[in-house]
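Chemist: Now for the letters of each chain:
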Amino acid sequence: MPDHLDEVHYDAVVVGTDLASSILAAALSKAGKKVLHLDENEYYGGDSASLALEEVVRWANDRQNTASTSGARDLSRYLRRQRRKFTSVSYAFPRYSHSLDSPGSSSPLVLPSELQRASRQYSISLSPTLLPSTGPLIDTLIKSGVSRYGGFRLLEGVSVYTGDGVIKRVPSSKEDVFKDKEMSLLDKRKLMKFLMFATGDFESKPEVQGNEDTPLLSFLQNTFSLSSDVSFAIAFAIAHCTSPQDATLPALQRMRHYLRSSGRYGNSPFLIGHYGGPGEIAQGFCRVTAVRGGTYILGRRFRSLKRNTTSEGAPAHGAFSIELEDIPDTLHADVLITTRDYLPPDMLDGADDNSPSNRSPAAGKKLLARGIAVIDHPIQYAAVIPPTPDADQSSPSSEESTKTPQPLDTTLVVFPPGCLGDTRPLFESSVTALITGEGAFSCPRGQYVVYLCATIPSASEETLPTLNPESLLKPYLDTLVALPRPDSSSSSAPSPPLFQMFYLQRLDEPAATTLTPTESSNPHPSIHVISPDPSFTSPLTETSDWAATEAERVFRNIMRPEGAGTELANEEDEPLDFWPPLEEEEGGSEDVEEW
Amino acid sequence: MADANDASGSADKHVQVKLVLLGEAAVGKSSVVMRFVNNEFQANKEPTIGAAFLTQKCRLEDRVLRYEIWDTAGQERFHSLAPMYYRNAQAAVVVYDVTKAASLEKAKSWVKELQRQANPNIVIALAGNKVDLVTPAPAAETSFAESEDEPDDATATPGEISASAGSHGPESLRQVPKDEAQAYATEAGLLFFETSAKTGEGVVEIFTEIAKKIPIEYILSSTRGAAGRNGAGGARGTAAGGDVNLDGAGKKAGDACNC
Ligand SMILES: Cc1cc2nc3c(=O)[nH]c(=O)nc-3n(C[C@H](O)[C@H](O)[C@H](O)COP(=O)(O)OP(=O)(O)OC[C@H]3O[C@@H](n4cnc5c(N)ncnc54)[C@H](O)[C@@H]3O)c2cc1C
Ligand SMILES: Nc1nc2c(ncn2[C@@H]2O[C@H](COP(=O)(O)OP(=O)(O)OP(=O)(O)O)[C@@H](O)[C@H]2O)c(=O)[nH]1
Ligand SMILES: [Mg+2]
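Residue numbers (UniProt numbering), protein chains in the order written: chain A, 1 to 595; chain B, 1 to 259.
Do not rely on the hints blindly, as some may be mistaken.
[Claimed, not checked] Taking lysine to any residue pairs in the SDA-like style, the calculated list, with each CA pair at most 25 Å apart, reads:
1. K143(A) <-> L246(B)
2. K34(A) <-> K112(B)
3. K112(B) <-> K474(A)
4. K174(A) <-> A25(B)
5. K143(A) <-> A101(B)
6. K106(B) <-> L298(A)
7. K34(A) <-> E325(A)
8. K143(A) <-> P177(B)
9. K106(B) <-> D326(A)
10. K112(B) <-> K174(A)
11. K34(A) <-> F78(B)
12. K174(A) <-> G74(B)
13. K474(A) <-> R95(A)
14. K188(A) <-> R256(A)
15. K190(A) <-> P215(A)
16. K112(B) <-> K188(A)
17. K474(A) <-> G421(A)
18. K112(B) <-> D326(A)
19. K34(A) <-> D247(B)
[As the list claims (entries may be wrong)] If you want a taste of the chain B side facing chain A, the calculated C-beta under 8 Å gives, among others:
20. S80
21. Q117
22. N121
23. F192
24. D243
Source of the hints: derived by calculation from the structure; they are not laboratory data.
Using N, Cα and C, we set each Cβ at its ideal position, and we do this for glycine too.
Next up, chain A with everything else stripped away, as it sits in the complex:
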């Protein structure tokens, strides 16, 4: 029996439950708007979802072009676009390869039964990100009250791969620099001088003037006389640059943000969300929306998404009408908020759209190569510093030699460009490996999820077919798992991953379907396009804050008292809070019942 809705008219329909859309839905609900929130997927989170292992495999199968061409006609618009956004998707279960068909076979792989049983113990993120401990998302989490729905963990360490199987812990504070035993006193002094500079207001300093666009690497080496090793560590593991060409000013600003974030929750600028991070946080925002009366319908395809055209203004039943499979009622909304994944081509024209290709066409076309692997041993490396070195232990050498350091649960390893000796142009990107364990609630005890990511700048259409994410990233995974472990007993060959997947993700619409909005005319003032993928420099550290920034931008456009998109405008003249003050309403009683 089909489900009926009590209500068919909504102030706003939000299509897509990615983090940015979910934040926006929650903000609109808290501002008193009646929200309908839809997602064609059966899971929350869209491109930032956290998925169980079984869902990951289904996700990959849906995005592989192995399905018969006759089936392509039946694909929804969303899925067709997903298939253009996520390409070269491949996955395998190397540990179980003997018991399965070869990965190249046409029939989609099934999970080995052992992994099938444990499927729900994995929360694998499609958008693995580090959350800076100060900034838009953390503010939004606290102000909206969503922080209490989720759990967070401090990133325990950042290391750089310096070549030849050597990995080095990157200091996360000035104290760490002082304690470093390998750096010369002179290098330490230079580094401290730079760190002082980078935490201050450098915009107007003579060092920066005229160097704004200089590559950060040369800036560090020329202006601060830092050694090449130290410069690489700073650029790729502290400022989170992805290319040797990344410009000085934005990199310095990022770095200052992270340096100042350190200390808020501990000795690291970054947090990682439990259960895969953004996908779980998105669910928290959706819960806020639901609590405020929002309606959720997931897993239904659109039968239609139309803008009603009547001659005089918005009709009584809303400007947009939506028909979903299995839902008999036609739903109406005054404002439509969506990602480009869902928007019919004829509606894109004139929408309020902040997508990368719109902001600056040249900045678009970024491509990420991503890899996900599940391994069942920690990545331990010789040069590891114990998680919490005793502050007043001035002679730690004796201690370190007597006890094996505890494996870190949640760490980041950065491979600077070219560090594996490959000099092909596509490899001119750093590769990050984010490792999360059971402490991040992302996998069963004793296992780790490794997320590899490389940003491929300005990939032209022609290189796409030859770009193989697996051959690009696999060497990094192999290097990582082959790192010498401190306990020499386990020097045997590393066991293959339980699961691995590689794919390409493009951060903007393919040229063929990108319609250029006409700036002058604005025929659809009440369509707002959320862009969950900024043309960011550091996908790892900037994506989550971007979601909050983008949500607030669209929120203000929708609520602004005059101009386009006035349907839901705030009546009052005073500036509107993105989040109203938290009320006690969700508090309830605190009485102790005695019995």
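We have chain A; now place chain B with the ligands onto it with these hints.
Modeler: Only chain B with the ligands this time, still in chain A's reference frame:
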């Protein structure tokens, strides 16, 4: 927060327990919780929006349990309940309406869903609610309602239903026999009570029995200050030392802001 109490030893263990509510619309999920938390009842309660996150402490022998009660907020209506809802839940109350047979079937499907999605150690209680509608009026006055200083609650809502029910005899409204539900609960390993949010019958009992069944020592030993979070696999926590509380208020925040 568990960490605030670790130092005080076993005398006053204070354990946070996440409890989720499930059941068909209008069976009385929110009403049962309102009876438990505020000891009040509203005759014509709106479908739930708003208060969807309630906390209630309860003392059990030597320790205090702090229930963090999550109401569905309607997300379950189109089968769109987020996995986050089930995560770390140590207890669930699945509610049906004794006057609606279909609501028991729905409850059974929620139990299945919990067994599939939730922590394998979750304590599940089945509540056959609105039992006042099928009970002769005098019996509905339970000791719980009388002992409170708001007797109005039970009497101020005489209820058209009770009146009309009278003509047929209240038992005729019953669509789910108690022994049928009891048999199902036993088979599925659930706690079972018939309840009335209106009179209070069975409500406190259900939360007390859950409290007794929850492996508190296990929660305490496996969550070092991590607000009772327990992983999908159940046996989590050794690596939980690095968890942070974003609101930053640390230990003393626990009682003030329900975080
Ligand atoms: C196997 C295959 C068959 C195709 N057949 C057609 C076709 O018959 N007609 C056509 O216009 N384009 C067809 N295309 C082209 C292609 O799908 C669209 O140009 C492209 O998807 C536009 O996508 P969009 O997401 O921007 O817009 P969409 O919103 O996806 O579509 C734009 C317009 O093209 C139509 N369309 C899109 N994809 C198909 C499809 N697979 N079958 C039928 N209509 C489609 C839509 O109904 C709409 O009117 C086909 C592609 C493939 C792979
Ligand atoms: N007679 C009687 N009525 C009850 C009882 N419990 C709830 N009700 C009534 O049943 C209706 C629905 O109760 P709610 O508590 O809102 O039910 P719910 O399950 O939370 O409903 P949703 O939030 O819509 O899913 C309200 O009118 C209540 O007053 C009960 O024990 N006895
Ligand atoms: Mg309710």
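Chemist: Mind listing which of the numbered hints don't hold for this structure, in increasing order?
Modeler: Hints 2, 3, 4, 5, 8, 10, 12, 16, 19, 22, 23 are the ones this structure does not satisfy, whereas the remaining hints hold.
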